Amino acid sequence: MKYETNLPIYLQVVDAIKLEVINGRIKPGEKLPSGRDLAVQYTINPNTSARVYQELEAQGMCFTKRGMGTFVTEDYDRITACRNEMAQESLKKFLTSLYQLGITKEDAINMINEANDICLL
Amino acid sequence: MKLESINATKKFVGKVAVEDISMTLDEGHIYALLGPNGSGKTTWMKMVAGLIKPSAGEIRFNDKPVDIESRKTIAYMSTEPFFYDWMTIGDVGKYYQDFFADFLMDRYDELLAGMELDKLLKVRTLSSGMMAKLKIAVTMARDAAVYMLDEPLNGIDLLARDEVMRTILTYATPEKIMIISSHLVEELEAVVDSVIFIKDARFAGIHEVEELRINEGISLADKYREVFGKVKEA
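Going down the list, the sequences are from chains A and B.
Every letter in the first sequence is one number past the one before it in my numbering, and letter 88, counting from 1, is 88.
Every letter in the second sequence is one number past the one before it in my numbering, and letter 76, counting from 1, is 76.
One thing to keep in mind: the hints can contain errors.
Anything over 10 Å on all C-beta distances counts as not near chain A; from chain B, calculated [unchecked claim]: (1) Ala49; (2) Leu121; (3) Lys122; (4) Pro174.
Looking from chain B toward chain A, a few residues come up when the C-beta cut is under 10 Å (computed) [to be verified]: (5) Met1; (6) Met23; (7) Val191; (8) Ile214.
The set of hints was computed from the structure by calculation and includes no laboratory data.
From a predicted model like this one, the values you see are computed outputs, not experimental measurements.
Where a beta carbon is used, it is the ideal one built from N, C-alpha and C, also for glycine.
Isolated chain B, as found in the complex (with noise of 0.2 Å):
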């Protein structure tokens, strides 16, 4: 299995969003996708989650363009929540089993207990910490092939995001690929093995985390600091 971005770009009116970005994701790894606000890596994901179309160049899954077929195996968290007010926790996991043929209840009851969420609550009535791990619950539920977790780790506590890291690694089979973008670099280092950096919406390199460890003595918020900072620190 094995995602590509070939040249992928993304216009907007006034603004390019992801400029000429390639590279080749393969299963069995756990991605960061880092770069500060605005460097592109939300437009890269939506490209890759089949929302929206690249200006030019292309997604490729599998050597498939990816589409509305690709949608049924590439599972795309948003950092938008994305749930009607009215449904309860056990509603959205409906609506999920009637939207994605790779939805599994008992995985999504499973997940809801590990995160302390009753299904009969209703929606309206969730914190924003609640709500980023029902969020997770519902994606992770699906046994899809590729999952793209955008900031999932914004707005929950300590024990959450716990939990949220247990989640992933229990899900992140050899069969997988594992995306994730988050602005909290710290809490990344020991979970993904490969990171890959995106600067002013243009591809910005791939490193394994663990080889910088090994071979340079650096940690990946080191690296992180490379790219993206102005100042080296002593």
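Just chain A, same shape as in the assembly (with noise of 0.2 Å):
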């Protein structure tokens, strides 16, 4: 994963993590890689590797079974909630740089439906 140097990494890789568990690459209940498993995976310091596991737990994306290790949360709930809380910060950026260019939300809308869609994979 390339990474956004002057940004926080673990906050990088949270995102890299919670994105997996929406679109289900990660189940819920799933077991996550161990911290140092994840920090050889992502190439990132072992230390921050506890802190993406600390962040996710903080916001119930993930909790630890003592001596088992890191799983996915099971609750939906909050998994659909996260997914809506990065579609409004993808928002927020994609309408604050529109804004920059000097496009109101109107045109931006306009846009948006004339845009052909984009295929992923």
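Hints in hand, dock the two standalone chains.
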């Protein structure tokens, strides 16, 4: 994974994992890698991966079972809410950059309607 | 576990290589040791490794000055190759095993496999990239308390760098101290948690890299430019 090096790495990895959960590549209740494996997988410092799990836990996206590891939440409502939060963040960024270009919300809506659908994968 | 540099100074004829460096390094951290060429990084590491003695001040590991004893638990990878030409990669492992009680042959085999190095190859025939990988494999195969890697990313391709990073992260367990010097600052951004700057033989600050991002919105490379650069970038 490529990182924005002037933004906290742990938040970038948190977002990457949340995305995996939202699009179902990681299932609710699934066990996540150990902190060390996560560090190797994402090529991040082990202290950063500890922070990733702290943050995901604080956001209610995962939980720790003592001696067993970290697991993805089984609360579907939380996952849906997380999806909405991330969508809102993207929307805010999108509107901000259009605003900087002097494009109004109405124009933006028209542009969205006229745009070709994006096909990922 | 802790590693202390207390007013460590090294003078060579006509040159002060390290001047009055004081700092404490703790276990569970991966440190980047950064500074321009000739700033004193290698000399400082050689003092920690017990290969050269400070002219003044001292290096203490777990409250004792470094000496022959501490060399058993402090692994140092120097920039220059240190194997005999006639050896095979397998021989290099045996040679290390004879020298260091903490050398793990199983781990060496594992590391060689990860780096796609064949034990039967002769040192003489290795490319510079293979030599760089071999140096890392043989150093990381020690179950040491402190690892110091001087320029581990030099002369190796992108894929080999990824493998080196994975190796470092795999063995940087919470009870180890890992110190990496490199000119490739960007490569270390996500991997190290702390950075030590050395400028003109002197200590020029220690920072937690993720805190720089959180509190100042700057990267390790930005901080490097701030410490060593003359002109600020827009």
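Hint check:
Annotated as non-interface, B/Ala49 keeps its C-beta farther than 10 Å from every C-beta of chain A; the closest such distance is 24 Å. Every C-beta of chain A lies more than 10 Å from that of B/Leu121, the closest at about 26 Å, which supports listing it as non-interface. Look at B/Lys122: its CB is around 31 Å from the nearest CB on chain A, clear of 10 Å, so calling it non-interface holds up. With 10 Å as the threshold on Cβ separation, the claim that B/Pro174 sits away from chain A is violated: the shortest Cβ distance comes to roughly 7 Å.
Restraint check, B/Met1 versus chain A: the minimum CB separation of about 16 Å is more than 10 Å; hint violated. Interface hint status for B/Met23: violated, as the beta-carbon distance to the closest one in chain A is roughly 18 Å, over 10 Å. For B/Val191, the shortest C-beta to C-beta distance to chain A is roughly 6 Å, which falls under 10 Å, so the interface hint holds. Look at B/Ile214: its Cβ gets to within about 5 Å of chain A, closer than 10 Å, so that hint holds up.
Checked against the numbered hints listed earlier, the structure breaks hints 4, 5 and 6; every other hint is satisfied.
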